[in-house]
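These protein sequence lines map, in sequence, to chains A and B.
Counting with this note's numbering, you get residues 1 to 527 for the letters of the first sequence.
Counting with this note's numbering, you get residues 1 to 359 for the letters of the second sequence.
In case anyone wonders, no lab produced these hints; they're calculated from the structure.
Treat each hint with caution, since some may be false.
[To be verified] Derived lysine-lysine pairs resembling BS3-like cross-links, with alpha carbons at most 30 angstroms apart: (1) A:Lys56 x B:Lys84; (2) B:Lys84 x A:Lys269; (3) B:Lys2 x B:Lys220.
[Stated by the list, open to error] A few chain B positions that, by computed beta-carbon distances, are all more than 12 angstroms from chain A: (4) Ile199; (5) Met214; (6) Glu223; (7) Met235.
[Said to hold, decoys possible] Which chain B residues stay away from chain A? Per the calculated CB distances, all over 12 angstroms, these: (8) Arg11; (9) Leu18; (10) Ser59; (11) Leu151; (12) Phe213; (13) Gly238; (14) Val274; (15) Ile320.
Here the structure is a predicted model, which is why all the values come from computation and not from measurement.
Backbone N, C-alpha and C define an ideal beta-carbon position, used for all residues, glycine too.
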Amino acid sequence: MTDFNRGDAKQLLEVRNITKMYGDLAANKDVSLAISQGEIHALLGENGAGKSTLVKVIYGSLQPTSGEVFWQGEKLTIANPAAARQLGIGMVFQHFSLFDALTVAENIALALPGKLDLPKLSEKIARVSVEYGLPLVPTALVADLSVGERQRIEIVRCLLQEPKLLIMDEPTAVLTPQEADQLFETLHRLSNEGCAVLYISHRLDEIQRLCHNATILRHGKVVATCDPQEETAASLARLMVGADVHEIKTRSAPQTGKAILSVKDLAMKPDGPFSVALKNINLNVRGGEIVAIAGVAGNGQGELFDVLSGEKLATNNDDILISGIGVGRKNINVRRQMSAAFVPEERLGHGAVPEFSLSDNVVLTRFATSGRIISSGMINAKASQNILLNIVEEFDVRKSGPDPEARSLSGGNLQKFVVGRELDRSPSLLIVNQPTWGVDAGAAALIRQALIDLAADGSGVLVISQDLDEIFEIADQIAVISRGQLSKTVPAGDLTLEEIGLMMAGSHENNAHQNNNDANHASEATP
Amino acid sequence: MKLILEKRPERSKKMALLSPILAIGLTVLFGAIIFAARGLNPLTALYVFFIEPVTTIWSIEELIVKAAPLILIGVGLAVSFEAKVWNIGAEGQLIMGALAGSMIPIFFTGWQSPLTLVAMLVLGMIGGALFGAIPAFLKTRFNANEILTSLMLVYVAGYLGDWLVRGPWRDPNGYNFPKSVSFEGWQLLPTIGEGRVHIGALLAVIAALALAFMMSKTLKGFEIKIMGNAPRAGMFAGFSPKKTVWFAMLLSGALAGLAGISEVAGPSGQLQPVISPGYGFTAIIVAFLGRLNPIGVIFAGVLLAISYLGGESAQMTLGISARIGQVFQGMLLFFILACDTLILYRVKLLSSTKPATGG
Chain A
1 MTDFNRGDAK
11 QLLEVRNITK
21 MYGDLAANKD
31 VSLAISQGEI
41 HALLGENGAG
51 KSTLVKVIYG
61 SLQPTSGEVF
71 WQGEKLTIAN
81 PAAARQLGIG
91 MVFQHFSLFD
101 ALTVAENIAL
111 ALPGKLDLPK
121 LSEKIARVSV
131 EYGLPLVPTA
141 LVADLSVGER
151 QRIEIVRCLL
161 QEPKLLIMDE
171 PTAVLTPQEA
181 DQLFETLHRL
191 SNEGCAVLYI
201 SHRLDEIQRL
211 CHNATILRHG
221 KVVATCDPQE
231 ETAASLARLM
241 VGADVHEIKT
251 RSAPQTGKAI
261 LSVKDLAMKP
271 DGPFSVALKN
281 INLNVRGGEI
291 VAIAGVAGNG
301 QGELFDVLSG
311 EKLATNNDDI
321 LISGIGVGRK
331 NINVRRQMSA
341 AFVPEERLGH
351 GAVPEFSLSD
361 NVVLTRFATS
371 GRIISSGMIN
381 AKASQNILLN
391 IVEEFDVRKS
401 GPDPEARSLS
411 GGNLQKFVVG
421 RELDRSPSLL
431 IVNQPTWGVD
441 AGAAALIRQA
451 LIDLAADGSG
461 VLVISQDLDE
471 IFEIADQIAV
481 ISRGQLSKTV
491 PAGDLTLEEI
501 GLMMAGSHEN
511 NAHQNNNDAN
521 HASEATP
Chain B
1 MKLILEKRPE
11 RSKKMALLSP
21 ILAIGLTVLF
31 GAIIFAARGL
41 NPLTALYVFF
51 IEPVTTIWSI
61 EELIVKAAPL
71 ILIGVGLAVS
81 FEAKVWNIGA
91 EGQLIMGALA
101 GSMIPIFFTG
111 WQSPLTLVAM
121 LVLGMIGGAL
131 FGAIPAFLKT
141 RFNANEILTS
151 LMLVYVAGYL
161 GDWLVRGPWR
171 DPNGYNFPKS
181 VSFEGWQLLP
191 TIGEGRVHIG
201 ALLAVIAALA
211 LAFMMSKTLK
221 GFEIKIMGNA
231 PRAGMFAGFS
241 PKKTVWFAML
251 LSGALAGLAG
261 ISEVAGPSGQ
271 LQPVISPGYG
281 FTAIIVAFLG
291 RLNPIGVIFA
301 GVLLAISYLG
311 GESAQMTLGI
321 SARIGQVFQG
331 MLLFFILACD
341 TLILYRVKLL
351 SSTKPATGG
C-alpha cells in the first residue's frame with residue numbers, strides 16, 4: 001500500500017459529471033471520479049446509492065445520459081463491454097458466469113477472442129494463476145470447485161487480458177475470511193505492478209485495509225472523496241448512511257403486548273453458493289410494536305424471510321413460535337391460519353403471479369384462510385372478486401379495467417395490492433420484506449402508514465428493510481442483519497445512525513461470535 | 001439486410017391462437033414441396049393425405065379409433081406440460097398400462113363379468129401411473145431430468161412387452177405366434193354402433209371435459225397453472241413443487257395407461273409385440289397443438305389422427321411409404337414450436353447500412 005504515491009502515478013481513468021436518468025429518477029447525478037495507475041479505489045455506498053450504475057457506465061454496458069469519460073487523458077465513449085475490455089478494463093462480477101460442466105481452461109477460452117489453443121492456454125493459466133497467488137488447475141471441472149476457486153477463474157480470466165483497470169463488485173461477499181485475505185494479497189500485488197482496481201464494497205474494515213482512496217455515493221451523488229486510512233470506520237459509516245436522515249420520530253411509547261413472534265437460536269444452512277447461512281437468530285416481536293431488521297442486501301434477509309414465512313422449513317419446530325406455538329416445521333398456510341401474513345420482497349413472480357388476474361392473485365394467499373374462496377376444492381371467483389374490491393378501495397390501487405393481470409399494474413400500485421391483500425385480513429402478525437422497495441413516494445407513505453396503523457391495533461409487525469429512512473420513520477425496535485447474523489434488538493430511540501452504519505458493516509458479528517463461544521464454554525462447564 | 005427477433009413487451013394473445021394455424025399452413029406447404037420432390041402432383045397428394053381419410057363412414061370411424069388414444073394421452077400431457085413437468089415417456093406408460101390390464105384376461109381367462117372390464121381399465125391406469133412414478137421419484141429425490149428418464153423408460157417398457165408376448169404370456173395354442181390369448185366378451189371394450197368405434201372414444205371425451213373443468217374451476221388446476229407459471233409464487237401460496245411433479249406424472253401416466261389398455265382391449269383384442277404406432281409420442285404434438293388446453297386437445301387429436309390415416313392412404317393410393325405420416329407429424333411439431341416463438345418475439349428486418357451499436 002505504501003508503494004502507491006498519488007503524485008507519481010499517471011491518471012488512468014476519469015469520469016466527469018456523469019448523470020444517468022431512468023425516467024425521472026437519477027441513478028447517478030453529476031458523479032465525478034478519477035483513478036490513477038496502481039491505485040486501489042473504493043466505491044462505497046448503500047444499496048441503491050448508484051454504485052452499479054456508475055460501474056456499468058465505466059464498463060460500457062450502460063451509456064450515461066450526460067457526462068464525459070476520459071481514458072489515459074483522452075476523451076472517449078465506451079460503447080460496450082467488448083470495447084471496455086479492449087481498452088484494458090476487466091470486471092469481476094458478483095455473480096459468476098461460468099459453465100459448471102466445462103473445465104477451468106474451457107471456461108476461460110470461451111471469453112478470449114481469437115483462435116483457441118487449449119494446451120497453450122492451460123499452461124498460461126497455470127503460470128499466471130500461481131504467479132498471482134490464485135492457484136488453479138486448468139483441467140478441473142468448475143462443478144467441483146468452491147465459490148472462492150470459481151472467483152479465481154473470473155479473476156484469472158481478466159488477468160490474462162492484462163488489464164490496466166480491474167473492477168471488482170463485492171468480491172468478498174461470497175468468500176471465507178481466509179479466501180478474502182488471499183484476494184487482498186493478489187490485489188496489492190496487482191497494484192504494485194501498476195494495475196488500478198475499482199473496489200466496490202460496503203465493508204468498511206476491508207476498505208480501510210485495502211484502499212488508497214474512496215468515493216462515497218449516496219442517492220446517486222458523490223457525498224465525499226477521502227483517504228480511508230485517515231477516516232475511522234464510524235466516520236465512513238456516517239458518510240455512507242448520510243447525516244441528513246431526518247429526525248428520529250419518537251412515537252408515543254407503544255403499548256407492547258405479549259410476544260407474537262419468537263425466534264430462538266434459528267440456524268439454517270445455505271441452499272447454494274450464493275445463499276447466505278443464517279446463524280443463531282434470536283428475535284422477539286410483541287403485539288403493538290414494529291420491529292425492523294436493517295442491513296445491506298444479500299446478508300440473509302431473503303433467507304430469513306423464507307424460513308419465517310414457512311416457504312423453507314426450520315430444523316426444529318420450536319425454532320419459530322407464533323403466539324407461543326411452535327411452527328418451525330409447519331408450512332406457510334398453517335402459519336397463515338394462525339393469523340400470520342407475509343409480504344415478500346419480489347412483487348412479480350413471488351408475491352403475485354404476473355400473468356394471473358388480480359382476483360386470482362387474491363386466491364394465491366387467501367384460499368387457506370378464507371372459507372368463502374374455496375368450497376369442496378372449487379374456486380369461488382365471486383368471493384375473490386369481492387375481496388379484490390375491498391383491497392382496491394381501501395388501498396387506492398389504480399388499475400386498468402376491473403380485474404387486470406397483475407403485471408399491468410405499476411410497481412407502487414401492485415405493492416399496494418400485495419400489502420393490502422394481507423392487511424385486509426387484519427393479521428395479528430405481519431412479516432414484510434422491503435415494503436416500499438422501488439415504490440413511488442405516495443404509495444410508500446400509504447404503505448408505511450398502514451403498517452403503523454396495524455401495530456397500533458395491537459398486531460406485531462416485522463419489517464425487513466434496507467431503507468434506513470423508512471426504518472427510523474416506522475420502527476420501535478431495530479436489529480441489524482449482517483452475513484446471516486442478527487444483532488441484538490435495540491429500541492429505535494437509543495440508536496444513532498453511526499452505530500447502525502457500523503452494525504451494517506458487520507461490527508456485531510465478532511461480538512456475536514464471541515458470545516456464542518462463551519455460551520458454548522458455559523454449557524460445557526455446567527454438567 | 002438482417003432478420004432479428006425482438007422481444008415483445010408482453011405475450012401476444014393473437015399469436016398464441018394464430019400460431020397453430022400458421023404451423024398447419026406451413027406443414028401443408030412443405031408437405032406439398034416434399035410430394036413434388038417425389039414427382040407427385042402436390043394437390044392430388046395433399047387430397048389423398050388430408051381429405052380422402054374423411055370421405056367415407058368407414059374411414060371416419062377409423063379416424064375416431066385413432067384419435068381416442070391421442071386425446072386420452074394428450075389431455076394428460078397437456079396438464080403435465082402446463083405444470084412444466086416434461087413427461088416424454090407416455091409411450092412407455094401406455095405399454096405398461098396395456099401389460100398391467102392384460103394380466104386379467106391372461107391369468108383369469110375364464111372370468112366374465114362387467115367387473116372384469118372395470119378391473120382391466122383400473123389396472124391399466126395403475127400400471128401407467130406406476131411407470132410414471134419412476135421419473136417422478138427420480139426427479140423429486142435426485143433432481144434427475146424427467147425428460148431423459150421418462151424417455152429412456154419407454155424402451156424398457158417396449159422390450160419388457162416384447163419379451164412377455166414372445167415368452168411367458170404367449171398364447172399356448174397360438175402356433176408360436178408372438179401373441180397373447182385373444183380377449184373375449186367382457187375382456188373387450190364394448191363398441192359404439194356397428195363398426196370399430198369403442199367406448200375408449202367416450203372415455204377420451206370424458207377425460208378431456210373433466211380436466212378442462214379441473215384446470216379452469218378447481219384449486220388443483222390453479223395449483224398446476226401457478227407451479228408451471230411462477231413456481232416461487234406457488235411456494236408462497238403453500239404449494240409443493242414436488243407434489244406437483246408427482247401429481248402431473250401420475251395423472252399423465254394413468255391416462256396413458258388407460259389409453260394402452262383401451263388399445264389392446266379395443267382394436268387389437270390381444271397383446272402383440274407392438275401395441276401402439278407411437279401414440280405416446282404423437283400425443284406430445286397433440287398437447288402442444290391443442291395449446292395445452294384440454295378442449296383444444298380434442299381438435300388436435302382428430303387432426304393428428306388424420307396423419308396416421310393419411311399415411312396409409314398415401315401408401316395405398318400413391319405408392320409411397322406410410323411413414324410419410326411421421327414426416328408430417330415431425331414437420332407439424334417443428335413448425336408449431338417455431339411459430340410459438342412469435343408469441344414472445346416479433347421478427348424485425350434490419351437494414352445492413354445502419355451498423356448496430358452496442359449498449
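Hints versus structure:
no. : hint               : result
1   : A:Lys56 x B:Lys84  : 35 angstroms, violated
2   : B:Lys84 x A:Lys269 : 28 angstroms, holds
3   : B:Lys2 x B:Lys220  : 46 angstroms, violated
4   : Ile199             : 27 angstroms, holds
5   : Met214             : 9 angstroms, violated
6   : Glu223             : 10 angstroms, violated
7   : Met235             : 5 angstroms, violated
8   : Arg11              : 8 angstroms, violated
9   : Leu18              : 19 angstroms, holds
10  : Ser59              : 41 angstroms, holds
11  : Leu151             : 20 angstroms, holds
12  : Phe213             : 9 angstroms, violated
13  : Gly238             : 4 angstroms, violated
14  : Val274             : 37 angstroms, holds
15  : Ile320             : 43 angstroms, holds
Going through the hint list in order, the structure does not satisfy hints 1, 3, 5, 6, 7, 8, 12, 13.
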